[in-house]
Structures are given as C-alpha cells and as structure tokens.
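Participant: Turn these sequences into a full structure, and let the hints guide you.
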Amino acid sequence: MNVLNIPTALCVARKDIKIFLKERGTLLYLFVVPIVFILAFSGVSGVESAPKKEAITLPVVNLDSGSEESQTLLDALNQDGSIQCELYDEAKAGALLEKGAIKRVLTIPANYGSDLQSGHAVTLHLANASDASFTKSEAVHRVVTGVAADLSLQSQLISSFRQMSDMQAMISPEEQAFTTEIIIEQAQSQFERSRTEPLLGLVESWPEHLQEKDEQETNPLNVYIPGFTVLFIFLTAQTTAQSLYEEKKMGSFRRLLAAPISKPTILLGKVVPNFITGLTQIIVLFGTGVLITPLLGLDSMTLGNDPLALVVVSLTILLCSTGLGVLISGIARTEAQISGVSQVVLWIFGFAAIWMDQLGSISGLDVISQLIPHTWANGAFLDLFVRGQGLADIVPSVLVLLGFTLAFFAIGLWRFDYR
Amino acid sequence: MNETILEARNLIKKFGDLTAVNDVNLAIQKGEVFGLLGPNGAGKTTIISMITGLLKPTSGQITVDGLDLQTEPYAVKAKLGLVPQELALYPTLSARDNLAFFGSIYGLGGKQLQERVDAMLAMVELTERANEAVETYSGGMKRRVNIAAGLLHQPKVLFLDEPTVGVDPQSRNAIFEAVEALNRAGMTVIYTTHYMEEAQRLCHRVAIIDEGQIIALDTPSTLISSLGGGILVLGLEDPEAGAGLGKVQTVVDRVMELPAVKSMTRDDGHVKIETHRFQEALMGILDITNQLDVRITSMEKWEPNLESVFLHMTGKKLRE
Chain A
0 MNVLNIPTAL CVARKDIKIF LKERGTLLYL FVVPIVFILA FSGVSGVESA PKKEAITLPV
60 VNLDSGSEES QTLLDALNQD GSIQCELYDE AKAGALLEKG AIKRVLTIPA NYGSDLQSGH
120 AVTLHLANAS DASFTKSEAV HRVVTGVAAD LSLQSQLISS FRQMSDMQAM ISPEEQAFTT
180 EIIIEQAQSQ FERSRTEPLL GLVESWPEHL QEKDEQETNP LNVYIPGFTV LFIFLTAQTT
240 AQSLYEEKKM GSFRRLLAAP ISKPTILLGK VVPNFITGLT QIIVLFGTGV LITPLLGLDS
300 MTLGNDPLAL VVVSLTILLC STGLGVLISG IARTEAQISG VSQVVLWIFG FAAIWMDQLG
360 SISGLDVISQ LIPHTWANGA FLDLFVRGQG LADIVPSVLV LLGFTLAFFA IGLWRFDYR
Chain B
0 MNETILEARN LIKKFGDLTA VNDVNLAIQK GEVFGLLGPN GAGKTTIISM ITGLLKPTSG
60 QITVDGLDLQ TEPYAVKAKL GLVPQELALY PTLSARDNLA FFGSIYGLGG KQLQERVDAM
120 LAMVELTERA NEAVETYSGG MKRRVNIAAG LLHQPKVLFL DEPTVGVDPQ SRNAIFEAVE
180 ALNRAGMTVI YTTHYMEEAQ RLCHRVAIID EGQIIALDTP STLISSLGGG ILVLGLEDPE
240 AGAGLGKVQT VVDRVMELPA VKSMTRDDGH VKIETHRFQE ALMGILDITN QLDVRITSME
300 KWEPNLESVF LHMTGKKLRE
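If you read the protein sequences in the order shown, they are chains A and B. Position 47, counted from 1, in the first sequence is what numbering that gives the first Met the number 0 calls 46; the numbers after and before it change by one each time, with no gaps. Position 139, counted from 1, in the second sequence is what numbering that gives the first Met the number 0 calls 138; the numbers after and before it change by one each time, with no gaps.
It is worth saying that the hints were derived from the structure and are not from the lab. Keep in mind that a hint or two might mislead.
No more than 25 angstroms apart at the CA atoms, straight line, and that leaves these computed lysine-lysine pairs for DSS-like [claimed, not checked]:
{"id": "1", "chain 1": "A", "residue 1": "262", "chain 2": "B", "residue 2": "29"}
{"id": "2", "chain 1": "B", "residue 1": "29", "chain 2": "B", "residue 2": "155"}
{"id": "3", "chain 1": "A", "residue 1": "247", "chain 2": "B", "residue 2": "13"}
{"id": "4", "chain 1": "A", "residue 1": "262", "chain 2": "B", "residue 2": "55"}
Cβ-to-Cβ under 8 angstroms is the rule here; a few derived chain B residues that face chain A [to be verified]:
{"id": "5", "residue": "51"}
{"id": "6", "residue": "53"}
{"id": "7", "residue": "55"}
{"id": "8", "residue": "59"}
{"id": "9", "residue": "73"}
{"id": "10", "residue": "89"}
{"id": "11", "residue": "92"}
{"id": "12", "residue": "96"}
{"id": "13", "residue": "103"}
{"id": "14", "residue": "175"}
{"id": "15", "residue": "176"}
{"id": "16", "residue": "177"}
{"id": "17", "residue": "181"}
{"id": "18", "residue": "184"}
As the structure is a prediction and not an experimental result, all values here were calculated from the model. All C-beta atoms in this analysis are idealised placements derived from N, C-alpha and C, irrespective of residue type, glycine included.
Facilitator: Spelled out as structure tokens, the structure:
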C-alpha cells in the first residue's frame, strides 16, 4: 500500500466536491459575491480615480530656489488646480522615492532662472517610483508639459521683445526699425519656435524595468479583479478547514482513518477540492473580467503579456491557499476559530492587500503587508496585468509565496490533530 | 468457534498521566459476537480505537487473522469494519452516495461497488429511499445506513460501537436482527454497549470493563450465574443505639451461617448478601433479625443479570 494513494485521494476529493456543489450558500459566497464586489468597486473606482477631480500632491525638488522663474513655475503648476506642489530636500526626496513612500518627484534644475533668461533650453525632470500609478503620473506629466509650454512661449516672447527693444534703442528715434508687420512676424516666429524648440522641456523617467511600460491608463478592473480573486481564493482555505472540522465532528474522519488508507492520502483528498475551487474561481473571475465586463459597458481587463507567468502565479497562489487551509485546520480547535476568526482575518488580509497601494505610504503598514501572502499574490498579479511584467520579474513574489506555502504546510501538518 | 481471529495482548493506552486502558488481553473467536460492556468512560471506545488502528497503543500487540496491526496496518484495516458511535455519514449526500464513497475508500469500484451498495441498501431496507439525502432520514434509518457503511467491504470482524444510542425501539430491534443475521452468516462482531440487555441478548461472550481494565470475561450466563440466586442489600439498625451496637454484627455472623447465603459484605450500615437461593436466604435473615430485635430500614433485591454483576463487582451502576 502506497503512502500516497492518488486514486483514493481523488475519491475523497470527489466526495467533497459533491458535498460542496450541494451547498448553494458556499457557491454563492465564493463565486457570485466576488463578482458583485468587483463590479461595485470598479464602478466606484472609476469615479474616484478620475485624475482631474482632486489635486495630486507633487513632491518638487527646487535646485534653483532663489530664482523668480522657478517660483513662477511652481505658481503656475499650483494654479492649474490638478497639482499641489510640495517642496522637498533633494536627498530626502530621493530616499523616499526609492522606498516608494512618495510616488514621483519633479526636479527643477540649478540655474533654471538664469538659463531661461539667457534663452538656453532648460529640462525639468519627473522621476517615478516603480509602483507609481500610471494614471496619476500621466496626469502630472500632462500638467507639467502644458505649464512648461506656456512658460516657454512666455519666456521666448519676452526675450524676443527685449531684443527688439534693445535694437530699437541703438537707432535714432525717427527711424522705425520695427513696423507692426515685423512685430507680428517676430511673435509668430517665436510661437513656432516655442513649439518646435521649447525653451522649457520635461523628461520623465521610470525605473529601468518599467521603461517599456504600457502607455494606456490603468483599468480599475485590472486592479480589482486580481485583488478580489486573491481575497476569495484565500477564503477557500477556510472552507477546507471547515470541511476537515465537520468531518471530525461528524465522526466520518474516524471512519476514514479506520480504512486502509494513509493519513497523507486523506489530507491530499481533503485539500484537492480547495485547489480545484480556487482554480475555478480564477477562471470564472478572470473570464468575467475579459468577457463579461465589456458587455456591461466597462473596459475589458487585460491578462498581461506572459501567459506562462500567469499560470505560474495562479498555481503558486492556489498552493499557498491550500497550505493556509491545512494551517487553519492544524491550529484552530473550535468551530468559532475556524468559521469566525479565520474568516475575519482572511477578509482583513484580502482588503489590506487590495488597498496597499494607497495605504503603503502610511508608516509601518508597508512592512506589515509584507508579512501576509495576499500582498505578494496581489502584487504578482498587478506586475503582470498593470505593469506588463513577465515571468522573470515575478520570481521574487513566487518564491515568497512558496515560502509561505511550505511554512503553512509544515506548521499545519505538525499541529494537525487526527483524533 | 475455536479459531482466534483477533487477539490483543497486554494492551495499554496512556494519555499523559491517565491510564485509559490498562493491560487488556482479548482473544476473539471467529464467528462469535463479543461484547465489551462497561459504563461511559470505561475505556471501551479506546480499546476499539486501538484495535482498529485509530489510536496507537502505548504498549501491547494486536493481531487480526494472523497479521500484526503494527507491521501490516493496511492489511489489517482491510479486514475490519467500523461502525462508529457517531452517525458518521455526510448528511447532504444520499445513502447511495455515502455507501459508494465508503466502499470506494476500501478499494471497491465499478460493478462490484454498485452491487455491494445495492446489497447493503436492501439489507437495511432503504432501497426505496436510497437516493434521498441522509439528512431527511429518521434517526433509526441513519443508524441503519451507518451500519451498512461498515459492511460494504465484507469485513472479517465488524466493530459496532454503541450502535443503538438514541435509537427508537423499532430501529433497535432492526439493528439486533441485522447483527444476528450477520453473525449467522459467519461474521465476527465486537459489540460495545452500556446496555446490559443488549449484551445479554446478542453476545456469546462479554468482557466487563471498568476504569480501563477487564474485570470479568465470560459468557453472559456464566457471569450471571456467578451471582447465584441474586443479591440482597439490607439496611440494619439496632434500636438500642450505643449499647447494642454489637447486635448488627451478631446478625451478620448468624446470616453467614445460613446454607442459602454465599457471601456477605458490610459497608456504611448496609449489608450486601450474595445468595445461592434467594427465597430461602430471605426467610432465614428475617428470622434472625426478629430474634435479635434488629430493625430492617431498607431492603433491595438485585436481580441476577449483567447489570447486577457489574454492580456487584464495582459497586457502581452501568449507567452512572
């Protein structure tokens, strides 16, 4: 008799799936509720994430802080209404950007004012953090570019008129060197130059691995569908633990243990349904995002550019959720601990992972978030769907999730009470 | 019935400092119905759990049909059928689905499994309701499915752990008849209960268990006959309190000389008299108490049955 008897484990799994399919409440909970959440939150997000509705805080490093021109630039950016500039020290801004505590920094170079005055081209620099929202960065980019264009034109016109004035001063007042036609022609020439050779330009930079970023705006579905999929996949862990507890409570576990099958076979049979349920959730929820949401007038979600990476991440998350089910079964001793406490904890973890992008700048939360598998699972999906990354980029997240999985199985099996 | 099919030697199970089973020895003969009789908490289920491989003994050896449980656990388990005390069934599944599942984990499949499921449903008279969810069944029907689930793989030894708990009289009779039919077909049955009438009716031999130990093991008739004509428990009081305290002892001494009395014990003002012939002993005792002017304050007769055997041996009632 093998220690692991796969056909018998599948008998146990088939029985559990049969029971599961008869529990309409659980089916509703694991498949319909996430779809409702996704649609509800995507709709809300569509309203709230519109970039022009509220000002985006823009950290600015002003290396030419004494000049009138740099202050004019800051005033112009603030007057736009879409951006609220906040001044930072250069070193501090660099450190915060590196940590991801701030998402982007605009740098005004030294000699900004004098270069503008002397008609030399000046370049502003907008640096983004790796996890910066593309939507917000795009909005900032547009505002800064627009203000820069206005200031370019303004500077070039002023400079041009100053030159004309200087030239007029060198000839006798009786002679009219600049007729109206010449002035208009000069203004048009400067206007054209400000468009083709702007005095004030903007260079935007992203971390190296994001250089080839997708230019399209972030679709909320690409954020919320993976987020809620992760949340509900991990909730199946609680279903596994509940199933094992019920089996013990009813006494059927005694019957299984009295049969000529090994304990690993029984446990394998008990966790396979968790894996299959999670896999079905991924197919249903991602399928909804790709195929159903366009029918509802929403954008279709994208599944990234690397199908193999998607499969690897999905399987790793399913394994991790399965391990979590064994862990809960191993450490929970009462029905309340399984159905109540674990459910609350899993919901909190799930929501925390979904909103960690927004909460990440709050001191301490980013550290705590690294201790829960949901964050890594959600991050891996976002790397694929939102940031357009591939298998090589998600290896760290996959390894961390596998680490969680091993720890969950090890502790769960160590603590599991077969009685 | 002289071939041993199951043997437990020097079985001990400890949970920390508590010794739940203490040096139990059993030799179950092929084809017998063997009863484990004892109150709740006596250690019956622990003994069954060890024999069926659910619990590892602290020490001791178990063999079934010549196979050692420790070295060949799966082969031994395949020969055993367990009907747990709980209704170990999946309530939302039908009786057919439950039985099919329990058959499949014993390696049955295909046509053989289907035939066995049909046969078991017929045996427990549930063919017509086989496809209904078990949760819609009465308690007795569930008990019958519970038993059927332990029989699918045609075990050599069937363990029935308190199978009649919470069962109505009609279903109880159906269970008795099923056990008797199985035994007639040659199956060895180990039956645990704390109902002495069940043990008396069904079991060829009975082991009486108390505090993890076997305190008596024999056929029910032999155990009962060991009580002779029954036990009389008397409360005696000397009216001349203090001065005449010795009168009760005189009664005891004279009663012991009666030929119909087998033995006597005295405890807390009560005298327990084991008799050979109850009626004759009672008449003699009444004569003695009248002559010595000792008042009888209480009188109780323990009928000779397994309950009184247990009471006699332990001083406790089976259902305490």
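Participant: So, for every hint listed, does it hold in this structure?
Facilitator: Hint by hint, here is what the structure shows:
1. 262(A) to 29(B): 30 angstroms, violated
2. 29(B) to 155(B): 9 angstroms, holds
3. 247(A) to 13(B): Holds: residue 247(A) and residue 13(B) sit about 22 angstroms apart, inside 25 angstroms.
4. 262(A) to 55(B): Satisfied, since the Cα-Cα distance of roughly 14 angstroms is no more than 25 angstroms.
5. 51: 5 angstroms, holds
6. 53: 5 angstroms, holds
7. 55: 10 angstroms, violated
8. 59: Violated - the Cβ of residue 59(B) stays beyond 8 angstroms from chain A, reaching only about 18 angstroms at its closest.
9. 73: 4 angstroms, holds
10. 89: Hint on residue 89(B): holds, closest Cβ of chain A at ~6 angstroms, below 8 angstroms.
11. 92: 6 angstroms, holds
12. 96: 7 angstroms, holds
13. 103: Given a least distance of 4 angstroms, the restraint on residue 103(B) holds.
14. 175: Status violated, d = 22 angstroms.
15. 176: Violated - the Cβ of residue 176(B) stays beyond 8 angstroms from chain A, reaching only about 23 angstroms at its closest.
16. 177: Violated - the Cβ of residue 177(B) stays beyond 8 angstroms from chain A, reaching only about 18 angstroms at its closest.
17. 181: 18 angstroms, violated
18. 184: Nearest chain A Cβ about 22 angstroms off; hint violated.
Violation of the numbered hints given earlier is confined to hints 1, 7, 8, 14, 15, 16, 17 and 18; the remaining hints are satisfied by the structure.
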